[in-house]
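Protein sequence lines correspond, in order, to chains A and B.
Here the first sequence is numbered in the numbering used here, starting from 650 and rising by one per residue.
Here the second sequence is numbered in the numbering used here, starting from -16 and rising by one per residue.
Treat the hints loosely; a few may be bogus.
Stated by the list, open to error - Across the chosen pairs, the derived CB separations fall in these ranges:
no., chain 1, residue 1, chain 2, residue 2, range
1, A, Ser714, B, Leu39, 40 to 46 Å
2, B, Ser55, A, Asp703, 30 to 36 Å
3, B, Pro62, A, Val701, 45 to 51 Å
4, A, Thr662, B, Ser53, 32 to 38 Å
Said to hold, decoys possible - Output of the computed footprint for chain B on chain A, the stretches with three or more beta carbons under 8 Å from beta carbons of chain B:
no., stretch
5, 687 to 694
6, 756 to 765
Think of the hints as simulated: they come from the structure by calculation, not from any bench.
In this text, a Cβ means the ideal position worked out from N, Cα and C, and glycines have one as well.
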Amino acid sequence: DAGITQSPRHKVTETGTPVTLRCHQTENHRYMYWYRQDPGHGLRLIHYSYGVKDTDKGEVSDGYSVSRSKTEDFLLTLESATSSQTSVYFCAISDGTDSSYNSPLHFGNGTRLTVT
Amino acid sequence: AQSVTQPDIHITVSEGASLELRCNYSYGATPYLFWYVQSPGQGLQLLLKYFSGDTLVQGIKGFEAEFKRSQSSFNLRKPSVHWSDAAEYFCAVGSYNNNDMRFGAGTRLTVKP
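Using the sequences plus the hints, can you model the full thing?
Written out as structure tokens, the structure reads:
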């Protein structure tokens, strides 16, 4: 299994508070992703990174920011959490060298976030 | 942008019966297609992928999928389902244009004894 660790695994927070989720990989892969999973929607891409300090928006990026200061760490921040951001968040990595669309993804075990 | 449709939200099959999970995609160019499986409380695990070549691809755990360009489909099959196959299954398509991967909403599989 790919070495991907997400922390925390569970978090409950209040509306309006900032939240940071962490993804740590030990595979030295170039691409890292944050997805959210909601019933009826499958997984939707929030942001992704194709290298240190190189990030781009995904399908549902509003209200989220990311940072990647080291190859192994990819942080997802909710600056001011809202109830609509209650979801399960998955980090994924891929070993694609030139692109992110044709390489299989390896997923962490997810972070369940509840915003009350 | 590309899109993926999994028409069946929930499927129930008896152990030992055959299984087919449907996946339809919308994408103008040659797609990169994937099937993933998710057990409760876990992340997704790759079952198989199709990039080019033989349209029938074999994956792990005895699964296979067939790419049919004329029908824009990539259905997942297994000849004989085991109780341990109960999980949620996701089809995904990779897009060169968007440089990302889009997932279907998933099909939950229940296996009856």
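Is the gap between the beta carbons of B/Ser55 and A/Asp703 within 30 to 36 Å?
-> Since B/Ser55 and A/Asp703 have Cβ atoms about 33 Å apart, the given range 30 to 36 Å holds.
Using the Cβ atoms, figure out if A/Thr662 sits within 32 to 38 Å of B/Ser53.
-> At 49 Å between Cβs, range violated.
Look at the Cβ atoms of B/Pro62 and A/Val701 and judge whether their distance stays inside 45 to 51 Å.
-> 46 Å, holds
Three or more residues of the stretch 756 to 765 of chain A near chain B by CB distance under 8 Å?
-> Result for this restraint: holds, n = 4.
Taking 8 Å as the C-beta cutoff, is the stated coverage of the stretch 687 to 694 of chain A by chain B satisfied by three or more residues?
-> holds (count 6)
Has the hinted range 40 to 46 Å been met by the Cβ atoms of A/Ser714 and B/Leu39?
-> 43 Å, holds
In this structure, only the earlier hint numbered 4 is contradicted, and the remaining ones agree with it.
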